[in-house]
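Residue numbers (my numbering), protein chains in the order written: chain A, 296 to 717; chain B, 30 to 224.
Some clues are possibly wrong.
Quick list of the computed label-pair ranges, beta carbon to beta carbon [said to hold, decoys possible]:
| no. | chain 1 | residue 1 | chain 2 | residue 2 | range |
| --- | --- | --- | --- | --- | --- |
| 1 | A | Asp681 | B | Lys112 | 23 to 29 Å |
| 2 | B | Thr37 | A | Val350 | 33 to 39 Å |
| 3 | B | Ser69 | A | Asp681 | 36 to 42 Å |
| 4 | A | Ile682 | B | Lys112 | 26 to 32 Å |
| 5 | A | Ala703 | B | Met63 | 35 to 41 Å |
Computed far set for chain A versus chain B, every beta-carbon distance over 12 Å [claimed, not checked]:
| no. | residue |
| --- | --- |
| 6 | Leu337 |
| 7 | Glu423 |
| 8 | Ile471 |
| 9 | Pro497 |
| 10 | Asn500 |
| 11 | Phe549 |
| 12 | Ser553 |
| 13 | Pro593 |
| 14 | Gln594 |
| 15 | Asp626 |
| 16 | Ile711 |
Since the hints were made in silico from the structure, they are not lab data. Here a beta-carbon is modelled for each residue, glycine too, at the ideal position from N, C-alpha and C.
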Amino acid sequence: MIWMLMTIMAVLFIFNFPMYIAMILAPLAVILSYFPNLNPLLATQQLIAGVSPIVLLAVPMFIFAADIMSAGQTSNRLLDFVDTFVGHIHGGMAITTAATCTIFGAISGSTQATVVAIGKPMRARLIEGGYEDEDTTALIISSSIIALLIPPSISMIMYCVVTGASVGDLFIAGVIPGLMMLLFFAVYNYFRAKKKNIPRTPKMNFNDKIKAFKKAIGPLGFPVIIFAGIYSGMFSPTEAAAMGVLYATILEVFIFKSIRFRDFQSIALSTAVVTTAVFVLVGAGSLFSWAISYARIPQILTEAVLGVDPSALKILITVTIFFYIAGMFVDSIVAIVILTPIFFPLAIAAGIHPIHLGIIVTLQAAIASISPPFGCNIFTACAIFDIPFLKVVKRLPAYLIMLVIISAMVIFIPEISLLLVQ
Amino acid sequence: MNNFFNKTLSKFEEIVLSASVIGMAILLIVGVFMRTVMNSSLTFSEEVATALLVLVSFFGLGYCARKGRHITMSIVFDMVSNKYKKVFMIVISLVSALAMAYITYLATLYVLSTKNLGRVTPALQIPIYMMYSVVPIGFLLACIEYIRTFVFNIKDKSNFYITSEIKIPLDAEIKTDLNNLIDSIEQNKKGVDQG
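Using the sequences provided together with the hints, build the complete structure.
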């Protein structure tokens with residue numbers, strides 16, 4: 296039964312079938328051949344139930360807000376802002392890139408959007424500023440994954456829908472690991488720029504700083520609305536996301552005047568297309584986890600891999616490895632909706648905090664997306680910057696080592712994830 | 030016939046999808062406004078927004094397939110030659126079409142069974158089967174799209190089709206992976222439309 300499920304999924308995945316078809320066909324085949332008493336019509340019910348939780352409405356709203364801001368001026372204003380503050384220190388431009396990716400992550404919640412929005416304008420500036428191409432691309436794609444940890448994060452919402460954990464808690468729990476990544480990258484780039492003697496830009500005076508701050512105050516308000524709204528209890532995550540759309544619209548249409556109302560149809564269409572592609576997977580994921588839990592596959596599988604009554608540490612390390620490998624091949628959302636239901640019951644039984652597990656899962660999916668040879672962000676960078684694969688991955692190992700250290704810290708010190716959660 | 034699918038149907042799908050996203054945003058924003066400022070919650074706003082999300086999730090299947098936007102793992106596909114890419118697409122579109130036909134059948138039966146139960150939504154009292162009927166429609170649109178991709182691949186000997194809209198000459202040299210290939214073709218199309 297397990298072999299049938301895995302073989303169908305693996306074969307369809309490898310041969311380039313749309314993933315949603317693989318994720319619908321495999322559980323359906325198991326139901327039809329092993330549980331003839333189960334009505335296959337219920338599969339449709341599961342597909343619909345999977346996309347119906349109200350908190351999921353936050354996902355298209357965050358995507359929509361990000362699409363509106365990407366069509367406008369937000370990313371450039373943020374770059375200018377961060378640059379005036381750290382441009383003059385060693386590796387200042389590199390640090391600017393990482394910091395801007397962090398802030399933009401707080402706006403868009405998507406790593407690939409971050410590569411496009413920050414990476415494109417910043418790469419030209421970095422190379423002009425004396426940075427090597429290999430360093431630049433490694434920096435950009437590594438910084439872009441901070442977006443997965445910094446709220447709002449779509450992967451995190453998916454984890455919460457699958458497990459029933461609180462979105463607000465997981466959002467705030469991601470802040471410290473996200474800032475740790477920024478700190479590690481900043482320190483590394485400081486010393487690397489010092490060693491390579493990359494010229495520094497002159498220090499800005501106070502007036503310039505005020506000017507840059509004024510220009511960026513609009514975009515910077517976005518994370519404030521999301522955070523303050525959710526943590527004051529004023530908005531649910533879904534409402535906060537809808538407010539994000541309103542805020543982005545007011546900002547780009549009325550204040551910056553960078554987009555017009557008639558652009559909204561094409562912006563909404565691009566949001567809808569991403570939403571369809573992601574949500575059919577979410578529905579299929581719910582069908583998948585319904586079928587496997589009916590067949591008791593999580594119990595059989597985890598017993599085979601982990602033995603009976605494994606320790607919490609053993610579970611965490613297994614989860615890390617599984618999510619890392621899966622994240623290299625498939626989208627982080629797919630990895631989360633398929634793998635989380637398998638490990639979650641066991642992890643909770645072993646006393647692992649659901650938020651701690653959520654941070655580990657998200658972090659591994661993030662790291663996997665920049666791991667050679669298959670990480671999808673590497674290919675995004677190849678395409679956007681039009682440079683060969685080997686050039687993109689040349690300077691990645693340093694970042695991957697830093698990320699492995701952070702992973703170890705997050706696994707062994709639960710407080711990193713749980714400190715800000717009440 | 031091709032014009033119907035590429036222009037009329039696509040246009041219709043585009044309008045439905047983008048209007049749903051905008052409608053969702055407006056409903057939720059108005060809902061927040063009513064709750065926080067007017068102190069009276071709109072019970073139907075989240076209900077309708079969820080219905081729109083179900084609509085976008087499934088109604089867009091055919092459109093996404095036609096534009097090559099479904100998420101796939103193209104590692105093996107990217108490595109093989111164009112001749113095998115064509116074989117891949119023939120098999121994928123045929124199996125996908127059959128799978129979609131079966132799921133359309135299941136979903137139709139399911140919707141009919143909810144119709145017989147006569148369930149309605151809590152706030153607006155709309156029959157729930159109306160909201161669910163987008164599911165079989167979406168799968169049917171995807172099924173049609175995969176059939177067309179299959180037929181085009183069989184009929185046309187000198188090109189291969191990734192989707193019914195995206196064709197590539199068999200002798201073309203392909204350097205990037207599937208996703209970026211689709212992106213660049215879309216970019217070119219836009220350029221041609223504007224120029």
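Could you tell me which of the hints above the structure violates, numbers in ascending order?
-> Violated hints (numbers, rising): 3, 5, 6, 15; every other hint is consistent with the structure.
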